[in-house]
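With the sequences and hints as input, model every part of the structure.
Chains G and S, in that order, are what the protein sequence lines are. Residue numbers for the first sequence follow my numbering, beginning at 3 and rising by one. Residue numbers for the second sequence follow my numbering, beginning at 2 and rising by one.
Be a bit skeptical, because a hint or two may be false.
Selected chain G positions facing chain S (in silico; Cβ < 8 Å) [to be verified]: (1) 5; (2) 20; (3) 27; (4) 36; (5) 39; (6) 50; (7) 51; (8) 56; (9) 61; (10) 62; (11) 64; (12) 77; (13) 78; (14) 80; (15) 83; (16) 86.
No lab work stands behind these hints: they were computed from the structure. Ideal Cβ placement from N, Cα and C applies to all residues, glycine included.
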Amino acid sequence: MTGTILISVYVFVLAMFVGFEVITKVPPTLHTPLMSGSNAISGISIVGALVIAGMGQGTIFDIIGMVAVIAATLNVVGGFMVTDRMLQMFRRDTDTN
Amino acid sequence: METRVLIMQLAYLVSAVLFITGLKRLSHPDTARGGNRLAAIGMLLAIVATLVGEQILTWQWIIGGLLIGTVVGGFMARFVKMTAMPQMVGLFNGFGGLASGLVAAAEFLRYSMGVAGTAEVPVDASISIMLGTLIGAVTFSGSLVAFGKLQGIVTEKAVRYPAQQFLNAVLFLGILAVMAYLVVMTPDAIVGSDTGTVNIIYYALWGAAMLLGVLLVIPIGGADMPVVVSLLNSYSGLAASAAGFVLNNNALIISGALVGASGLILTRIMCKAMNRSLANVIFGSFGQVAGKELVKGEKRTMADVNDVQADDVAMLLAYAKQVVIVPGYGLAVAQAQHKLRELCDNLESRGVNVKYVVHPVAGRMPGHMNVLLAEANVPYNQLYEPEDVNPDIANVDACLVVGANDVVNPAARDEPASDLYGMPIIEVDRAKHTVVMKRSLNPGFAGLDNELFYLRNTMMLFGDAADSIGRILEEVKQL
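Structure (structure tokens):
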């Protein structure tokens, strides 16, 4: 078990570095969409929520599972959709003049 | 490893790759929309893989939860006003934190109620559960408070009371002590003697962690909201990572770490834009020092101000060569961004060169003003950052400051005693002329007076920004 947690810590630390490398130098124009988009990605805990909601271990787990699924789905669906809505408003060239 | 578990794990890997590629593309304007879609596909893949690969025994809660979440989330995303974006992102952050915390809670109860199938809780699992609970609960309640502040349900002012930090520290240490106790105690509980008590202590831990989230956000004032929203964004990622440690699931660990990193980067950018350390934002008492003392003694009044009308401003703008627009949150509050764009289009058709200069902390979350201007159809290549314009600002004929205050306060450059000192500003006071559109002489978010308003080359145009811009536009059309 100690080996597993160690690998997890490795994965976590390396992924943080990947995150820093990938995301540095974001133009300010994209700060809000980046935040709402990454926010949607943090809804990945939906994976855990689905397992709880589906394991059929009793009422308490059903309730916790369903609330978690609702919360995570809201986060995921709302986050990706609103990011898309914002990004479609961004355009480069002016058609005035 | 069973084949379908193997497939699930590989699908998670593909999801993680899609998230990384998606985030990479999200940080470039031309590819951002595709990047977001890529990340969404990654998420869909992870969900399908889980439903196929895990032993799902009951479907009704899953289907019900997915349906409710999709309908409500979709509805919110479709109809939220762009001005309300910060509170909605804050709310979504909170839901993400709640989901992660609940994953940890379910895992705790599986052990404590003896349905986990093992007679012993491994220490690392136990620690992960405690961390997941703490981060998830703090993110949840903290985000709700941030949402309340941004929505105007909770006061936007910094709520402070004596010994605040001391009490927070005590609460935090208490939480750590309970967590340590539960890590040590849970294995005994499984043996069967005292499950109920252990569960009650665990629920109390949830309550205390949520209280901590509230207390951490409540002392932070409206001006600092961009930092808090970024930080909570980072927390929601870390909460997902913690849930990944709980479930021993690399997809969660990786995705959470990516979000944690991106939130931290944005937090750092915001702090830099205000020239403050993160500790200062969280613990500092910004704007509490009376700003008036800075303005060399006497209290300024309307008599010291160069008060102008719309036609004066129209004349100035229409015959200028170079105009710089400084939009602030007040512009969005007045819903004047569409009118402003109309005015700028008209000026450009007269041969005036118009630049919008957006300060990184304009608005209530990072990049908020850019979104609001994009909504008003301002192309993003017309938006500039302060450092693009400041070097040549002395050659600018007219700066139009709409609903911005602290980001154009010269005290940030000149007054070492000011709370704003060191914050990068847009140096409109150095331009040939500056027009400030404001409702009144009231100080900005930071609660500090602004010397700019009393300068010789500054004109003040009082009134509602949308009305004023509309009147300027009418006047310009007649010139």
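**Request:** Give me the numbers of the hints this structure contradicts, sorted from smallest to largest.
**Result:** 1 and 9
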